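A.B. asks: Letter by letter, the chains look like this.
2 protein chains.
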Amino acid sequence: MGAGRRRERDEGGTAPPEHPPVTFSPSAEFPPLTDAELTALHDVGQRWHADLGGHPPRDAVLPLDPSLEQYRQQPTPGRFGRLARIEMFRTERRGQLTVTGSADASGTWLRRAPARLRRALLGPPLASAAVLQERMRKLVALPVLSSDLLSSVAYGPEAMLAVLVLAGSGALGLSLPIAAGLVVLMVTVGTSYRQTIRAYPHGAGSYLVASDSLGPRSGLTAAAGLILDYVLTVSVSVAAGIGAITSALPGLTPFTVPLGLLVIAGLLAGNLRGVRAAGKIFAAPTYLFIAAVLLLFAVGLARAAARGFTPVPPPQVGAVEGLGLLVVLRAFASGASSMTGIEAVADAVPAFRPVEWRQARTTLTWMVGILVVLFAGLTILIDFNGLVPGGDETLLSQLARRTFPTGPWYALIQAATTIVLLLAANTAFNDFPRLLFFMARDGYAPRRFLHMGDRLAFSNGIVALAVAAALIFVAFGGYTQSLIPLYAVGVFLAFTLSQAGMVAHWRRHRGRNWRRRAALNATGALLCALVLVTAAITKFVAGAWVVVLAVPLLVLLCLHIRWHYDAMREALALPPPQVPGTGRPEPAGGPGGSGRGGEPDPMGRPNRVEESTGPGDLLVDLTPREVRHLVVVPVARLNLAALRALAYAASLGQPVFAVHLSPEQEEADRFRQQWETWGDHLRLETIISPYRTVIAPLAQYVEALHAVRPEVTLTVVVPEIVVRHLWHKLLHTRTELLLRRALRDLPGVVVTSVPIHLPE
Amino acid sequence: MGAGRRRERDEGGTAPPEHPPVTFSPSAEFPPLTDAELTALHDVGQRWHADLGGHPPRDAVLPLDPSLEQYRQQPTPGRFGRLARIEMFRTERRGQLTVTGSADASGTWLRRAPARLRRALLGPPLASAAVLQERMRKLVALPVLSSDLLSSVAYGPEAMLAVLVLAGSGALGLSLPIAAGLVVLMVTVGTSYRQTIRAYPHGAGSYLVASDSLGPRSGLTAAAGLILDYVLTVSVSVAAGIGAITSALPGLTPFTVPLGLLVIAGLLAGNLRGVRAAGKIFAAPTYLFIAAVLLLFAVGLARAAARGFTPVPPPQVGAVEGLGLLVVLRAFASGASSMTGIEAVADAVPAFRPVEWRQARTTLTWMVGILVVLFAGLTILIDFNGLVPGGDETLLSQLARRTFPTGPWYALIQAATTIVLLLAANTAFNDFPRLLFFMARDGYAPRRFLHMGDRLAFSNGIVALAVAAALIFVAFGGYTQSLIPLYAVGVFLAFTLSQAGMVAHWRRHRGRNWRRRAALNATGALLCALVLVTAAITKFVAGAWVVVLAVPLLVLLCLHIRWHYDAMREALALPPPQVPGTGRPEPAGGPGGSGRGGEPDPMGRPNRVEESTGPGDLLVDLTPREVRHLVVVPVARLNLAALRALAYAASLGQPVFAVHLSPEQEEADRFRQQWETWGDHLRLETIISPYRTVIAPLAQYVEALHAVRPEVTLTVVVPEIVVRHLWHKLLHTRTELLLRRALRDLPGVVVTSVPIHLPE
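Chains as they are written, first to last, in the numbering used here: chain V, 1 to 760; chain D, 1001 to 1760.
By construction, these hints were calculated from the structure, which means they are not laboratory data. Keep in mind that this is a model prediction, so the values were computed, not measured. It is possible that some hints are incorrect.
As the list claims (entries may be wrong) - In silico negatives: residues of chain V with every beta carbon more than 12 Å from chain D: (1) Y155; (2) A162; (3) L176; (4) F297; (5) G369; (6) Q414; (7) L483; (8) A518.
To be verified - List time: in silico EDC-like cross-link candidates among lysine to aspartate or glutamate, alpha-carbon distance up to 20 Å: (9) K138(V) with E356(V); (10) K1729(D) with E29(V); (11) K280(V) with E134(V); (12) K1729(D) with E570(V); (13) K729(V) with D1566(D); (14) K1280(D) with E1134(D); (15) K729(V) with E1570(D); (16) K1138(D) with E1356(D); (17) K1729(D) with D566(V).
Think of the CB as a built atom: it goes at the ideal place given N, C-alpha and C, for glycine as much as any other residue.
Isolated chain V, as found in the complex (with noise of 0.2 Å):
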């Protein structure tokens, strides 16, 4: 219900559209204020405007050119500096300067290693102008979204062949209608997506669509689902290719945990460098895998014609089950398993070069092409052929050997997939961050999953996928087997969503056939949802119920993350104009609260209005004449620390005094006589602490004062100490962080640190 109501306020206006035009771009984590927030702010600034009385502060006079236009030629370092490089800023135009290099590459040797070896792996920063260069071109895309995709052509005939042996070596004639039936679902699903991506041009992922046209918790469940599948993909991936690598060399065996580790981060580096480097990267190992099953078929098909076509009968194997429906539905059920990569071009098109869903489409039909010939293909193969399987080999090895009974053309198709298997984890590592983004977006993950990195990737997705698999990886000891039963599960979970989402959306906006496109959708749904609740059922108890639990609590994670943010939006969103006509909240007087006793103003102000104190807080203090100050400063020692602190509170020009905190009444007094020596200058407060404790009393004190009167501003001016070396810390009590600590809990106080810095 929550989320539903939620969806319900936010198209009153105040939330961003849930599709605002852009789509993949730096300035996604600035999102335009509403027009209620302008009002707003047009509101405020007239208050603003009429406190000052016409004299704004823009035109006083300041010590120093903010442009720096005058100083161009002065790349002075301080002596504390370590990023002092004035020439990194150009000025273009009036009040405006543009950063000109890297600002990571600075500082002493040590300081900039880190910045250099990452510069080094992932290349020179880019701007975000290059944005579009950094999109994909088709022969880019492809092998970048489809090696998940073609990949589960090594191990989806068998997967279905394996389900179907079990009632027998008779049952395995079966094989054929039932690829059939998976051609048919994967042109169904293809055809589908085809129509999604033109109807959805910004982003035609699962999530989005169920969102849009079932409401934000069909669009949760499609991603929790996906989300799952894309660690698990990984994890389990790269746990598939090492596992080809250790059988190949046992000596390997017990590396297989850094060995996985190493290929994660290789994964990592690739994906941080960006689209067009991991294209480059991981284009190669996937069109030869390509071409290496189309010369299997090349040459199976040439042998079998030279025998005239005739099938070589499956050697006899015993039943174990009856032949019935639920065989069937489980061979197509695993079957479908090729499928899983699918969505991969879907969430991915405002990555491509526009006219994005152009080339999207193009891509995915071309995709989509090659699998149902790879995958008829090698059913066919395996069938004329008499192949069985079990043992310790797989179909697809069994039939390369059968096909180059010599040569290195075994080997080669050996390699290739073995290579493709591991990057089948690369297609997770490019939607995965995109669905977070779009998530982001719409307030159901954290934001930061918005920035795009320096290299125009979106880093923090991608480092966090890494970071999940790697822990399963490792928790698994790199034997990640046990977690296929829980794959397929979230995918067809989503593929359901989205396309039961299509129906809905052309029964809403109608358009030209869209009966024909609705019933596409709804025979594609249908489908899918039989895969899931077969997949779901037949591998409950192996592990899909973790997928079961898994998914409604992500669901609830997310929707957590969105009501902190839309509370978080509520508190800082500016106050709507309370009084109509007027255009000011408040009455002429001021808005703020009187004291608690009612006792008289010692400033001589008019006491101010009562009714606007309590939850109402927040909506004061947005003008500088409405925050009325007093600084207190925190004085330990009077050494030179506490006398520019003491200076700088002064010069503030705000009413001001001092507090010492003493364990005993003889230090207060010899630091009473210590403060008349310097000169009394401002009013002195003393506590003594008797049980020698120095923040928690200075908290509550500052706390008390608070408390007395909430409208005033407490501003603490504390002295900090800056130690160069790290070690150098242990040697303060760094009371400052630690005041820090506790006063950031109370409203309205203000806590300014006033550094001192010692030299060596």
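Take the given structure of chain V and dock chain D to it, following the hints.
C.D. replies: Here is chain D on its own, set in the frame of chain V:
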């Protein structure tokens, strides 16, 4: 050389005197200002006075009364507060408040729980005024300070005989003369410590005596030896105690490490409760042990008398080594390990009730007396009964079994021995924090060791010892026997230096009978040195080399700490009057430096004097007039938080401008439009960061501003969003924190956090 030079300079007057008459007092953390510092303080005060023209801000009316006098009836907890309890403060005299309750017991139940547990374990906090009552009476001091010393008679005689028996059972006859020599050593060291306590009534530990008489390096050497020894005492004696328990109950052996940690935790808690409480806990076992051993003597003597004092001949044991001087020396040195706890009283003198030195001296006399009686008595009885070390049973156990063949007495003696061995660690818990207190007072240890906890114990030192001992205990898996050779060396290093220091002391101060006193101390020093050299040489390979290595390293660490504190004190010292006579360090125009380019000051003030820029810039900004302000407000989005920060910044009445960081030109233009909608009240500077980094360009920009005019104090006002729950922090990018960290390195840049609190 460094330390000597610094010592000389310290005597020049800027440093606090090495041994002020205060001792263990909570005010030790606030050393009084020296005369030079007071003069400088007065001088700065005069500058301030002249700058303000006799209108001190002290007389300004504050918007509320900081003494809270009018508001005592209002314990209003804030919406976010967790410490709001105004009743805590009691107003006594004008300008002074006293904390009347412990500050840590407030907030929610969960937040209070740790504080409550602490209170339950440690008891209510003790006020500083109770420091005198927390001091020790003699009857409490004896068990608290002597458990280490007295428990060592359980193994001292055995250690001596174990060396002698290497030369065959015939050599065992030498045990009586060697024991006599050891008694002479004990009496000599005891007597000379009596003299030391009289001469250094404010603390007579080796560190203090050697520092004062032989220079700080000797003192630190002695301290390093003692520090190592205290840590070893705790882990070794806990290991020995647990060993005794597990040999009685072998089922507990797998729990050696947890049991040992439990014992260390118990010692920690007992000592954190304070001296008096620890005395109550630890007194009974020590007295029980003394009584048990005395009973053993009485019965043993009675039996011997019944035999007509005829000694039992020892069983024949073949010689492994020839009987030579080395064996005798080694036996002497091994027996001397009975003395390792004798230092305890000397460091603890100021913890006695007045008259401190007299009470301490009497306690020492008693301790040494009991030690001599127990040691000599045990050695004689062992000789009388013809007991030989070796086998699985300790000599004390053999003796007890022979003296009490039946009845519960044997078990009683064994139990008392076990408990007192465990408690031997307690002496270290008393002495170690006091030693660190003295070192911290001189700047050779972190200042936090000056702090008295809320039970008036030096909690930081107690915790440090427990942690160090526990680490060693865990690292050696509870089997710390291999550390025993490291023992003794450190203590006798300290003894030797202390006694030698006393000789130097008498030579300097003379006084009545100084030659006799010096001769006594010289004898003590000689004997201790003999033991030290013997122990170091004979145990070098077995482990003493660790001490030989660790002592200089520790001394170096202490010197480094002192250098850091010296540098800090110099950096924070107030500027001495630079122009004698006038009392003003700068011409009347005010200190400071002009901008680099010499451009005209846009504020219209006269240009500052050139010569005071550069290294002397720490000396300006000490009066309000000397502080020149420029306020910078980074704004990401025009929400409530940003507008409050802008209003706060503008309300200070100083020159102010805002800066916005944008990843793209489009976003920058959009932001400027919003700025104009608001009313364009402040000058806005935009920075385009095409590489999408935020913190580095902002920090670098501020640094560039600072480099342009270092004499301007830049105040960066950052809105800070405060969330209630820890996990919500993950949802925010915490720019404020990162920016603060990046700006910390810049001198003259003040960071102000304007908090805004999210509800829920």
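A.B. asks: Take the C-alpha atoms of K138(V) and E356(V), compute the straight-line distance between them, and say whether it is at most 20 Å.
C.D. replies: holds, 10 Å
A.B. asks: Can you confirm whether the C-alpha distance between K1729(D) and E29(V) stays at or below 20 Å?
C.D. replies: holds, 17 Å
A.B. asks: Would the hint linking K1138(D) and E1356(D) be met if the CA-CA limit is 20 Å?
C.D. replies: Holds: K1138(D) and E1356(D) sit about 10 Å apart, inside 20 Å.
A.B. asks: Between the alpha carbons of K1280(D) and E1134(D), is the straight-line distance 20 Å or under?
C.D. replies: With a Cα-Cα distance of about 12 Å, the restraint between K1280(D) and E1134(D) holds, given a limit of 20 Å.
A.B. asks: Decide if the proposed pair is consistent with the structure: K729(V) and D1566(D), CA atoms, cutoff 20 Å inclusive.
C.D. replies: Status holds; Cα separation ~15 Å.
A.B. asks: Verify the proposed pairing of K1729(D) with E570(V), using a straight-line Cα cut of 20 Å.
C.D. replies: Holds, at about 18 Å.
A.B. asks: A162(V): least C-beta distance to chain D exceeds 12 Å?
C.D. replies: holds, 43 Å
A.B. asks: Is the Cβ of A518(V) farther than 12 Å from every Cβ of chain D?
C.D. replies: holds, 38 Å
A.B. asks: Mind checking the alpha carbons of K280(V) and E134(V) for me, to see if they're no more than 20 Å apart?
C.D. replies: With Cα atoms ~12 Å apart, K280(V) and E134(V) stay inside 20 Å; holds.
A.B. asks: Would the non-interface assignment of Y155(V) survive a Cβ cutoff of 12 Å against chain D?
C.D. replies: The claim holds: Y155(V) sits with its nearest Cβ about 37 Å from chain D, beyond 12 Å.
A.B. asks: Confirm or reject: L176(V) is not an interface residue toward chain D, with every Cβ-Cβ distance exceeding 12 Å.
C.D. replies: holds, 52 Å
A.B. asks: Using Cβ atoms and 12 Å as the threshold, tell me whether F297(V) really stays out of contact range of chain D.
C.D. replies: Nearest chain D Cβ is 47 Å from F297(V), so the label holds.
The structure agrees with every numbered hint stated previously.
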